[in-house]
Amino acid sequence: MDEALVQTVIPPHLSKVLGVESQSRSKAEAFTQAFLENSVPWNTRQDLKAMLTHKAVILNYARTTQDQDKRSRKKAKGLNAHQKRAMKVFHIRPEHQRYELFLPLHNLWRQYIIDLCGGLKASCNPQFVQQKLVKADFHGAIITVVRSKCPSYVGTTGILVQEFKHVFKIITKDDKLKVIPKRNSVFAVEINGFVSHIYGNRFEQRAGERSAKKFKVRGTIDL
Amino acid sequence: MRRDADKEEAAVYQRVVRKNGAPYHYLKTHLVLEDESVRLSAVELKLFIISGLKNLYGEVGAALTFDLLKYNEDTLSALLRVHSRGLVKLWSSLTLLGSFQGQACCLQGPAGVSVPAGAVRKQS
Amino acid sequence: MCADLERIPRTLLVSERSSFQNQKNQLSAHVGQHHFNYKVSVLLPECGSAPPLLDAALNGFSSFYLIRNLPVYMLLDQDFLQTAVHQGSVYGLSFGCRVDEDPCVALMPNGRLVLSLDKDSFELLGFERKKYRFTKRATSRYVVSVNFSDSSMTPGGRGYQRLLTGLKTHLPLVVDFLVSHHPGGTTALQPLLSRYDWSEHRPSVSTRCLANLPCPLLTSDLQSCDPHSVLDWLGAVDADVSCENSSSSFLSTMVCPEPKTTASSALNMSVSGFLNPHEIHHLIQELRSYLDQSQLASWVALTVHGFTDSPVSWAGDERSVLWSGNTFYSLLLFKDDTYQLHLATGAHHTCPP
Chain A
1 MDEALVQTVI PPHLSKVLGV ESQSRSKAEA FTQAFLENSV PWNTRQDLKA MLTHKAVILN
61 YARTTQDQDK RSRKKAKGLN AHQKRAMKVF HIRPEHQRYE LFLPLHNLWR QYIIDLCGGL
121 KASCNPQFVQ QKLVKADFHG AIITVVRSKC PSYVGTTGIL VQEFKHVFKI ITKDDKLKVI
181 PKRNSVFAVE INGFVSHIYG NRFEQRAGER SAKKFKVRGT IDL
Chain B
1 MRRDADKEEA AVYQRVVRKN GAPYHYLKTH LVLEDESVRL SAVELKLFII SGLKNLYGEV
61 GAALTFDLLK YNEDTLSALL RVHSRGLVKL WSSLTLLGSF QGQACCLQGP AGVSVPAGAV
121 RKQS
Chain C
1 MCADLERIPR TLLVSERSSF QNQKNQLSAH VGQHHFNYKV SVLLPECGSA PPLLDAALNG
61 FSSFYLIRNL PVYMLLDQDF LQTAVHQGSV YGLSFGCRVD EDPCVALMPN GRLVLSLDKD
121 SFELLGFERK KYRFTKRATS RYVVSVNFSD SSMTPGGRGY QRLLTGLKTH LPLVVDFLVS
181 HHPGGTTALQ PLLSRYDWSE HRPSVSTRCL ANLPCPLLTS DLQSCDPHSV LDWLGAVDAD
241 VSCENSSSSF LSTMVCPEPK TTASSALNMS VSGFLNPHEI HHLIQELRSY LDQSQLASWV
301 ALTVHGFTDS PVSWAGDERS VLWSGNTFYS LLLFKDDTYQ LHLATGAHHT CPP
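Protein chains in written order, with full-length UniProt numbering: chain A, 1 to 223; chain B, 1 to 124; chain C, 1 to 353.
Treat the hints with care, as some may be off.
Cβ-Cβ distance ranges computed for the label pairs, FRET-style [unchecked claim]:
{"no.": "1", "chain 1": "C", "residue 1": "His86", "chain 2": "A", "residue 2": "Gly119", "range": "50 to 60 Å"}
{"no.": "2", "chain 1": "A", "residue 1": "Tyr199", "chain 2": "C", "residue 2": "Pro71", "range": "20 to 30 Å"}
{"no.": "3", "chain 1": "C", "residue 1": "Asp120", "chain 2": "A", "residue 2": "Ala122", "range": "25 to 35 Å"}
Taking lysine-lysine and the DSSO-like style, the derived pairs with C-alpha atoms no more than 27 Å apart in a straight line are [as the list claims (entries may be wrong)]:
{"no.": "4", "chain 1": "C", "residue 1": "Lys130", "chain 2": "A", "residue 2": "Lys149"}
{"no.": "5", "chain 1": "C", "residue 1": "Lys168", "chain 2": "A", "residue 2": "Lys182"}
{"no.": "6", "chain 1": "C", "residue 1": "Lys168", "chain 2": "A", "residue 2": "Lys178"}
{"no.": "7", "chain 1": "C", "residue 1": "Lys168", "chain 2": "A", "residue 2": "Lys176"}
{"no.": "8", "chain 1": "A", "residue 1": "Lys173", "chain 2": "C", "residue 2": "Lys168"}
{"no.": "9", "chain 1": "C", "residue 1": "Lys130", "chain 2": "A", "residue 2": "Lys182"}
{"no.": "10", "chain 1": "C", "residue 1": "Lys119", "chain 2": "A", "residue 2": "Lys178"}
{"no.": "11", "chain 1": "C", "residue 1": "Lys119", "chain 2": "A", "residue 2": "Lys149"}
{"no.": "12", "chain 1": "A", "residue 1": "Lys216", "chain 2": "C", "residue 2": "Lys119"}
{"no.": "13", "chain 1": "A", "residue 1": "Lys178", "chain 2": "C", "residue 2": "Lys130"}
{"no.": "14", "chain 1": "A", "residue 1": "Lys135", "chain 2": "A", "residue 2": "Lys165"}
Honestly, the hints are just simulated from the structure, not real lab data. Every residue, glycine too, gets a C-beta built ideally from N, C-alpha and C.
Construct all of the structure, not just a fragment, from the sequences and the given hints.
As structure tokens, this is what we get:
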């Protein structure tokens, strides 16, 4: 549309129909300017000039395709057993082998078990407690060897520090780290008056795997 | 199996070791009946044991000779003597004897020894 | 199948012939090493009434004590060890415990304590066991043997503490215990007697007179008469079993071994209880002097029986009851100062020394 058309005077026969009066050229320009200024938002009116003087510099963001492929293929791999042994990840240093250091762990464990069994009261059903304990984690429990085919293990008591597939590592009150094989031994765990006996022969799984394992009900268990 | 080993140190001293040479074994046993007032004579008891042998081992088993050395009618306890080769047969048939004249019974505590004096003693 | 049915349980008979003149005779060693004696029976042929000295010897056996419900850890009590075990000789045996079923305890005069346990009790106790000699047959008994004269078993030693903890907390065994002390009386056993319920017992003596007894002809030569038949006959006399049967008799065909004579009278005396080897030794000396003085008798027989439920046999060797478990020995004394000694054990025993 031609700009000239916008700025023409309204024909006289239409001005009567519309009920408007056309103004003179100078007044119309002033009115248009003022109307535009009112319509535009306030803050942009201020920064208008600043925005126009700024020049945005857009950097090139896209990476090369080779690096992207590599990242998508690489997953987080753990250490293998050789590396673990070399790095001694599970080794407890002698200065850390103190009984008092593990007492807070034991208290944590007690809390965990009490929460797991929904508050261990005297009226609790032992079957229910037992089912929960079978899937529970025992790190931090105070365990005692009650029966064993090897007589020298009987009577050893301490806090369980590490549980492996075939072995318990416990720390005794004399600050000695003892390694007790699970096979052919019976362990006792005591919480709030509930004494639970663990038959080591049936317990030879890693702690993590045990939570998913189903235990069959067997008659009598002999060492 | 019989093996003799001789050690002679002086003319007067002599030592002989005999292994598995005992010809007889002795069994001390005690009959327990359901009806405690029933009494048996020695002959009846021997017939009863022979019938047990016959049940388990047949005619040949029943022909196994054993002696009823001593029998107490009041307590129904008996001392038996049998050849060592027949000990297993006799002991097993005593264990499996279950009924006497229709009532349940058992022959209790057969204790086998190789000398009779050892069989009759009890602890004080 | 047939071989199994005709299997003979293993028996062992050691016959020794020697003389009291021989310096190397081991009679006193044999008598002394048979620690736990239940019954002693004496057969005197051609004798109508009990000779006074022998009667006195038989009645002179010292009394023994039965302690009820004794916790076994009390046998490790320091006072008891000092007064009884290390001074004089103490003999102790658990009473009423069957050796193939229950835990059994034996305390020997050389300071050795033997515990015979089943599998469960042993696994609870936590004390190492003695190595078994009979490894061919896996028996189900576990024997724990400790010697109080070892350095580790002195009060305060490592082994002593471990056994004490084991018997106090892990496996609190309580048994009825027969105990006797030589030479002392109640004073040596005071640490135990003062704390628990006990009763004193005298060995019981019985005498039987037999008339017209068929006896085998016995000489001191081992080959003259088969020892098995002689022992059978001796046992039959002791058990009051008649040996006068014909071979066609239905009930019993037991006869006296040939060659035989008939003794017009014989005396059978026995004493039973918890008997001391020292006193048995004294009795043997009395029998010797009686035989020297007697004109009619040419031999005298003495039989000593052990306990069925004792976990040890000669010299503390292990013992178990499977088939025929009694240990006993028979001594035949002859006029010329010679003797025949027959030592018998059952299956699974070591040969007597």
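Results for each hint:
no.: 1; hint: C/His86 <-> A/Gly119: 50 to 60 Å; verdict: holds, 57 Å
no.: 2; hint: A/Tyr199 <-> C/Pro71: 20 to 30 Å; verdict: holds, 29 Å
no.: 3; hint: C/Asp120 <-> A/Ala122: 25 to 35 Å; verdict: holds, 29 Å
no.: 4; hint: C/Lys130 <-> A/Lys149; verdict: holds, 14 Å
no.: 5; hint: C/Lys168 <-> A/Lys182; verdict: holds, 25 Å
no.: 6; hint: C/Lys168 <-> A/Lys178; verdict: holds, 24 Å
no.: 7; hint: C/Lys168 <-> A/Lys176; verdict: holds, 24 Å
no.: 8; hint: A/Lys173 <-> C/Lys168; verdict: holds, 21 Å
no.: 9; hint: C/Lys130 <-> A/Lys182; verdict: holds, 25 Å
no.: 10; hint: C/Lys119 <-> A/Lys178; verdict: holds, 25 Å
no.: 11; hint: C/Lys119 <-> A/Lys149; verdict: holds, 9 Å
no.: 12; hint: A/Lys216 <-> C/Lys119; verdict: holds, 25 Å
no.: 13; hint: A/Lys178 <-> C/Lys130; verdict: holds, 26 Å
no.: 14; hint: A/Lys135 <-> A/Lys165; verdict: holds, 15 Å
Of the hints listed earlier, there is not a single one the structure fails to meet.
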